[in-house]
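S.K.: Assemble chain B with the ligands onto chain A, guided by the hints.
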Amino acid sequence: MDQGALLEVEARLGPEDSRSHRSFPFELPPGARELELELAFEPAMLEDEALAARIAFEAGRRFGIGPEEASRRAREGLRNLLTLSLDGPGPSFRGCAHRQGPRVLAILSAAAASPGFLPGPLTAGAWRATVSVHCVASPRCSFRLRARAR
Amino acid sequence: MRGAGEGLRWAACELHAHSIHSDGRLQVAELARYAAGRGLDLIALSDHNTVSGLAEAAALGGQYGSEILSAMELTTFYGHILALGVQDYVEWRGLGREGAGGAVAEIRSRGGLAGIAHPFRPGNPFCTGCFWEFEGFESGEADYLELWSEPDPHLAPCNARAFEQWISLLDRGFRVAATSGTDYHGPGREGLCATTFLGCEPGPGALGAAALAALRRGRVAVSLGARPSLALGRRGEGRSYGPGEELPPGPGRLEARAVLLPWRGAASRLPELRAELARFLWRGGSTEAGLAPDPEAGGALAAQVELPPSVEGYLRVEFRGSVRGEAALIGFTNPVYLGPA
Ligand SMILES: [Zn+2]
Ligand SMILES: [Zn+2]
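The listed protein sequences derive, respectively, from chains A and B.
In terms of our numbering, the first sequence is numbered consecutively and its last residue is 685.
In terms of our numbering, the second sequence is numbered consecutively and its last residue is 435.
Only chain B is shown next, with the shape it has when bound in the complex:
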């Protein structure tokens, strides 16, 4: 089955990083070099409550091989809001416990995307404002949730809580994207860093703009290693649909195919990771299939399933296997949606 996401360029991204302009340890240029070393196409510079690193980031362009996406982390008293794609400071100091909706609207009016960072990371006095405590705002109304935070994100109980919250939002009909973010502050922390892959339209424009558009549409996959992909279609029909897209209703039997694709940043992780199966999930159900080498793409692992007619709401896939010998979720896609919202 071909078609889903065809023609898209899947950019490898780190969507959460700090520099010396807040509490990070690297200069902006060092951060760009770090990103290139991870094989990333794009890294967001999301310093706490300031934008003073963005001028240097813009001046660097892509000279180290990775581009920097301008951003700011609104590090408020009641939660941390990532403003991706904003060029200027976003005011947060007036925000009370009811203020998330206004901040999200402000970020969008600047052309940015608003994400909820590490929603369940323990807050004051451990990590000030880190736990999401805003009231009167449904998390599904944000543009995205940072499900996987920090290195070795598959191990953290607070990330598992965020994952559960995301699933419950999807089940209730919200179409909110899910990402990873290492919350990188500099060298010294061990562990595997997850990568967020964004399905960007090819074109002459800047990668940052295409990446924001991809995230806005939910063309997103997250992984500790190889890049996850998902294609959903109906037997006998020509095309298939990928994450963020909507499969129209039809008579044909549903088929889905999940693939893990090699990319340059994954090579160094091969000894630590083993992918075993793909679990296909929808509202109220799931099925799984073992991953096997994909005859159509060298180095890729694939699984294909037929789905029951009872599939509804959305279809997403989780890739399961092991990390350093321990059973783990190693990657996931955002959903393909079924039928109208």
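So here's chain A without its partners, still in its complex pose:
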């Protein structure tokens, strides 16, 4: 890990990991002025169109939507959704990025924070980053999570 790096993990997920959390503790040293987290995953969505159509059809039956509507939704794309949340010592909730897209960058300091996150003291001690796997639609999805202090 490079200088200032607090955490660096990679993991592989599949559809069976949908609706689960991966939690990663890390230690923040005293004196940090800024904490940066980055979550990146790929692929962003299920790219196999035939498989997407099949999955959408099956899901559509469960939710009471017809085949036409299901195939329209499949064409829009079935996206993977992984969200990142952060807890400081206490534990105290320090925010969450819940939005579409395969990359999240969160920067926190005493006075400011990226949207979704709460500014405040960067207390030294046990922190925890959590990846919430809302949905993996693709057969495989890998993510990389990094935390660093400045």
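Everything labelled a hint here was simulated from the structure, so no lab data went into it.
On a predicted model such as this, the values are computed, not experimentally measured, just so you know.
We put the beta carbon where it would ideally sit given N, CA and C, even for glycine.
There could be a bad hint or two in this list.
[Unchecked claim] Partial list, computed: chain A residues near chain B (C-beta under 7 Å):
(1) 538
(2) 554
(3) 561
(4) 564
(5) 598
(6) 608
(7) 616
(8) 628
(9) 630
(10) 633
(11) 651
(12) 652
(13) 653
(14) 656
M.R.: Quick look at chain B with the ligands alone, frame taken from chain A:
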């Protein structure tokens, strides 16, 4: 017939909206301006699983003409729970399929109200966790159900399903409120947005607190256009009762009056909407009457009916007409309840 809801201030509300703090496209201040543009008194900032927009919302106060109600949408794996009125983060990450009851209790212990958002919107992999799949929890135990979700809510089959569920809960004796929520994420979606009207006690306090109290008591009406009202009383008795109130037993014949009242946010929708009749519904029965201009209130449409003695459980009203030429439900009130729960 006068009396029902008299003295209440009916606040026009949007109870479900997102900002850039989750997956919305507007800044918090832009959201407040948007709400003012719709003529709303109040908009709930209910970002997914975070409360980081609430400090800015509080600092804004009502400076754009609309107040922001603090909230969070617990965007769980098994359903989306709206926590209205909470100031701080509500933990959801430990919730399993049986966890809704605990989350609802936690929200209430913080002084908030727990609503089930868009209960039948298709879930994974279309909209993650959107479909209500919690087990061991009766929906009627929530504080409210979001019956009408997204723009043009009268057209969505999943909203019709939520409506049916609400009626079945009412028929079984639950007193659970029903609202709308646009689930606003920013500009770009066409369609009429419904408004939830909450009957707030007048007073010097913040509107948000009065709105929460109104929703808790079921003083609620929902509409695509004009504001629905309902008054239920007995002939020869002095007062009448509105949504959320309870009519005590008595000998007099039941009379009900339904009115659609103009409000500032409805003017732009007039060309799209036509109100024709009011349908009065109770457990196991209904009757209807055509709407006509109300001689007592300029611009309002009213219908009055006498009700049979067989009315039981509750009385609510649906306003029917058309939207862009297609027959539609255009608004509804929450029930007036009859007799003890
Ligand atoms: Zn939702
Ligand atoms: Zn939402």
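S.K.: Next, verify each hint and record whether it holds.
M.R.: Do the hints match the structure? See the list:
no., hint, result
1, 538, "29 Å, violated"
2, 554, "4 Å, holds"
3, 561, "17 Å, violated"
4, 564, "25 Å, violated"
5, 598, "4 Å, holds"
6, 608, "5 Å, holds"
7, 616, "5 Å, holds"
8, 628, "4 Å, holds"
9, 630, "5 Å, holds"
10, 633, "4 Å, holds"
11, 651, "5 Å, holds"
12, 652, "6 Å, holds"
13, 653, "5 Å, holds"
14, 656, "15 Å, violated"
Checked against the numbered hints given earlier, the structure breaks hints 1, 3, 4, 14 and satisfies all the rest.
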